Amino acid sequence: MATDVMIEASGLTKRFGGVRALDKVSFEVRRGEVVGFLGPNGAGKSTTMRILTCFISPTTGSAKVSGHDVFDSPLEVRRAIGYLPQRAPLYTDMSVYDYLRFVAEIRGLDESAFKSRLKKVVEVCGLAQSLGKDIGTLSHGYRQRVGLGQALIHDPPILILDEPTSDLDPNEKAEVLRYIKQIGKDRTILLSTHNLAEVEEACARAIIVSKGRVVADGALDDIRGKTGRVRYVVAIDEKRAEAGNSAPSAEAARTALERIDGARSVKELPTDESLHKFELIGPQNSDLRADIFRLVVAKGWTLLELRRDAQSLDAVFRDLTRGDEKLDRGAGWKASEPEDDEDDDDSTSDEDDDDDSDEASDNHSSARKA
Amino acid sequence: MSPMLTIAKREFRSNFDSPLAYVVICLSFFALGLMFFMLQGGFWQADRSSVERLFEYAPMGLSFLVVPVVTMRLVAEERRSGTLEMLITLPVSDSDVVLGKFFGALGLVLVLVLATLLYPFGMFKWPWVLGPLDMGPVASGYLGLILFSAAATSIGLLVSSLAESQAVAFFITFFVLAALWFFDNAAQYLSAGGNGGWFPTVLLYMSFQTRLSGFWRGLVDTRDILFFVSVTLLCLLVAFRALERRKWA
Ligand SMILES: Nc1ncnc2c1ncn2[C@@H]1O[C@H](COP(=O)(O)OP(=O)(O)OP(=O)(O)O)[C@@H](O)[C@H]1O
Ligand SMILES: [Mg+2]
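These protein sequence lines map, in sequence, to chains A and B.
Going by this note's numbering, the first sequence opens with residue 1, and the numbers climb by one from there.
Going by this note's numbering, the second sequence opens with residue 1, and the numbers climb by one from there.
Chain B with its partners taken away, still in its complex shape (with noise of 0.2 Å):
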């Protein structure tokens, strides 16, 4: 096996170590349930047989909890506790400990991900089957909501790389997901008073929430795929160039 996979493998088994992961598990199960059903009146009261509602609100329990929590260990604690020392004296590479460290993560967001998929199998296929379902925009949805997980993640490894301390790195990727994910509101606000100018244009184009929107509709762009790749790519560049960092500072 490769040093990057059993990296990565044991990243993602170190989530289970503690109850903080199986916290987090639960506790945005519960939250997008809950979402799911009641807000805004809820999935009885739109009276279409769709799932839309949960690619809207998924990542942003994906953007307020899951990633923030799981990424914010990443880069962060073993720096502080100075195990970052004994794992890359190790042969490994550097960006053999970035990638294990995104892949390992980035495996528990999928986990929740995919464990979503009981919402439109279990109401439209079995055990319940509340009416037609059109599975195009389902596979689209998950499309959508795996390359946002993975730069999602990919930005909190970041933070995590760059941060003094776990909980820093918490709240500063909890942060910036939402400033990227109410950018379209933001622009939507500045917009409205009819002077916005260049700003609002480029919040649009940044904001995780526009990108997302086609896919929840069954519309894939290559230029939203592009964009989530490149989040992606980037910050994991950059979270690399961080850990080389340590060497001269």
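So here's chain A without its partners, still in its complex pose (with noise of 0.2 Å):
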């Protein structure tokens, strides 16, 4: 091959009736790379990857995968490909040997060579014990095991998976991703996944789509320093204090840090230990914490925990695709509350922690509806 591009989208566009389900999304993707493909649901990534197996089309716009479009020559496009679809939908009446050998029969895979790779599939997705059962009688990671082992049963040089490890116990997730990245190394493997822990084990480079366009796509570092925030966790001891101080209360730790240069937001986590917990927002390429703990020593506190994060994929991640949650949970409701400003500068903050405030302006308004 000419070249290095082995997946290439551009201004792919899909419409269903009247859904649009991309629009215009092009990315790249090349040799060697290993691609997190994130999104909320619905947010188009099954349809992609649909498109770029050429098992429907775009209706605007073209993929080329190895170098084939996938409109002009999908038998190309497809041998080229290993592709697990969501939920691994298999032949519920077949054994998984019947199964993989099925598969390996239409790829033209010959006796000896289907034996050999048989053997790797088997040891990967971990299929020893399970060759001779029904699909129909495995769990639902066993069937995903099964889906992946068909996908990988021709050692395809480009892998489009879609959710591989959704139903896999951590054991196999594992075992999954480590060989995901060892073959990684010389072939293209896009992966969608909502498990943005995975992404960061084993991509280096990630995509974002957010209703049907692309809102990201580089490497996790540069994702990740995106939004150019930086997270600390900071615990006081709500009891003790030095000697001539008073204990703090939560209104005065927080009025305290809220005055550190640079300090952007300060927000109470709950805890149930006796301490107080916040969360503070700072700058990107900055470091609060030498202030926040003079702060406490100053003020005779006791400083029980100070953490600093590096804004994590995850709250980016949150951050990108904010418009589709707000959509989701009713955003024409929440508009017009006032606090909606402030929930930019939350974003940040802890997963539990922001649904909560997001469940609880849901019940506000249903309240109003009703």
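Please note that the accuracy of each hint is not assured.
Claimed, not checked - Lysine-lysine pairs mimicking DSSO-like chemistry, simulated, CA-CA at most 30 Å apart:
#1 K24(A) / K326(A)
#2 K226(A) / K239(A)
#3 K326(A) / K267(A)
#4 K133(A) / K185(A)
#5 K173(A) / K115(A)
#6 K115(A) / K9(B)
#7 K277(A) / K239(A)
#8 K9(B) / K119(A)
#9 K277(A) / K326(A)
#10 K239(A) / K181(A)
#11 K133(A) / K9(B)
#12 K226(A) / K120(A)
#13 K120(A) / K9(B)
#14 K247(B) / K24(A)
#15 K173(A) / K226(A)
#16 K267(A) / K239(A)
#17 K125(B) / K211(A)
#18 K226(A) / K185(A)
It is worth saying that the hints were derived from the structure and are not from the lab.
In this text, all values refer to a predicted model and were calculated from it rather than measured experimentally.
Assembling the complex is the task here: the two chains are given apart, and the hints tell you how they should meet.
Structure follows, in structure tokens:
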């Protein structure tokens, strides 16, 4: 192959009736890249993958896989691809062995190639004990393993995996990710997932889609840096204080922290220990830890915890796909609420936290509706 | 092996993974035997060494039970369960899928059809010899039956590729095949009033029963052969288009 670009999507738009599932999606994936394909539910991940595997056609736009146009030469495209559709739909009336054999036969593997690949696939996917079983009797996780097995059986140069690990147990998940990382060195892998920890582990690059558009595409580090914020977690003992000082109230601690230079938003985090826990957002490329420490010492309080996170991928993801989220939770109602502005600042808060507040406003809106 | 044959093989074998196929096979043989020997006086009353009755009743068994059951799953069930996506994203063309499924299903139907050879051979050659059997009509009858099976199977496949579920596919196939079979009687009924016009003629033209009746008597008409072959090809073509339609949905 002359070019190293193995997957090339340009301007993919897909409409389902009135719904625009994809809106000018463009990206490239090169050989040797393992790319995480992220996005909230309904963002268009599966739709993109279906277009790339020539299962459906884009309304407009074009895509090339392994140098072949998905529209003009679907067979060549599919030969180069191992594809695992979402939820691994398999023939439940076949045994695992028969199924893998069926796929191998269609892919034109000869007997000896099949034998040797089968050995490898069984090892990676942990299928040794299930080969003789009917797929219909397997648990979901095992079905997913079989689905993964059929995608790997011909050792394809390009792998497109739609949520390959969603039903796997942690052991198998780790094994699959390890294998993906290993074979990813000289292959091209596009995998969608909702598990961002997995992306951090296996992928060097991520593409984030939201509402059918690509909202971020780049190395994980670049994406993490995108929002330009750093998060601090500070915990202060609520009882103890140096002699002569009073134990801090939550309010006092909060105001003190807010006064730190550069601290943007301070938010109390829930805790069941006898301490005050705060989350503090600071600007990127700065470190407020020293300031926080000195403040606590000066006040005579007791510092129990101080942590600085670079913005997590998780938070960036939530940030970038916020629009989706809002629409899903009834944004029309929420938009009129005054807190809405604050929301953006809160964007880096903990997951549970945010959900809570969202739910709260949800209740609001439904109450209003009623 | 070509992908088409692999698909056909899988399709054929999948019939035997469920008890349904066995039930259908047993039921249809039982029904055929019943009709052959009992209905309208039965074989013995007719008192002729002919198996014309077999060719008359076998297509009904195929139309009303075997073909709808065998073809209902073909595409409808795969679409519902999502396995169609898995199948189509393998390096197979849509025509491989359509033809593979067609031949897989037709294979089972033909196994049944050929199993009925037991009647003419069992009764007139070995172990019993009930009389001299004219092999001409038997051969032409089977030719008709095979052509009919192909046409009926392709209709079932087409319906299955359009239907939402296999149950719907079963009933539509059943009614379409029943209609095509009884067009003959409908035409007779309409023209009996004397003022038939063109409509009964059209019905007669399309009636599977009319088309087949020549074969039973040893008359092989190229027009009848062409009729069944074109119905088959047309249905396969439309099924192919229906499968392609998913791309633009
Ligand atoms: N066959 C279809 N007919 C109509 N709309 C569809 C069809 N397939 C997908 N859509 C719509 O396209 C949008 C994108 O769906 P898609 O399945 O690609 O999302 P996704 O990113 O894979 O989501 P998830 O994370 O839930 O798997 C959704 O709004 C969905 O409702
Ligand atoms: Mg999806």
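Consistency of the hints with the structure:
no., hint, result
1, K24(A) / K326(A), "22 Å, holds"
2, K226(A) / K239(A), "39 Å, violated"
3, K326(A) / K267(A), "21 Å, holds"
4, K133(A) / K185(A), "33 Å, violated"
5, K173(A) / K115(A), "25 Å, holds"
6, K115(A) / K9(B), "21 Å, holds"
7, K277(A) / K239(A), "13 Å, holds"
8, K9(B) / K119(A), "25 Å, holds"
9, K277(A) / K326(A), "27 Å, holds"
10, K239(A) / K181(A), "49 Å, violated"
11, K133(A) / K9(B), "20 Å, holds"
12, K226(A) / K120(A), "40 Å, violated"
13, K120(A) / K9(B), "26 Å, holds"
14, K247(B) / K24(A), "18 Å, holds"
15, K173(A) / K226(A), "28 Å, holds"
16, K267(A) / K239(A), "20 Å, holds"
17, K125(B) / K211(A), "73 Å, violated"
18, K226(A) / K185(A), "26 Å, holds"
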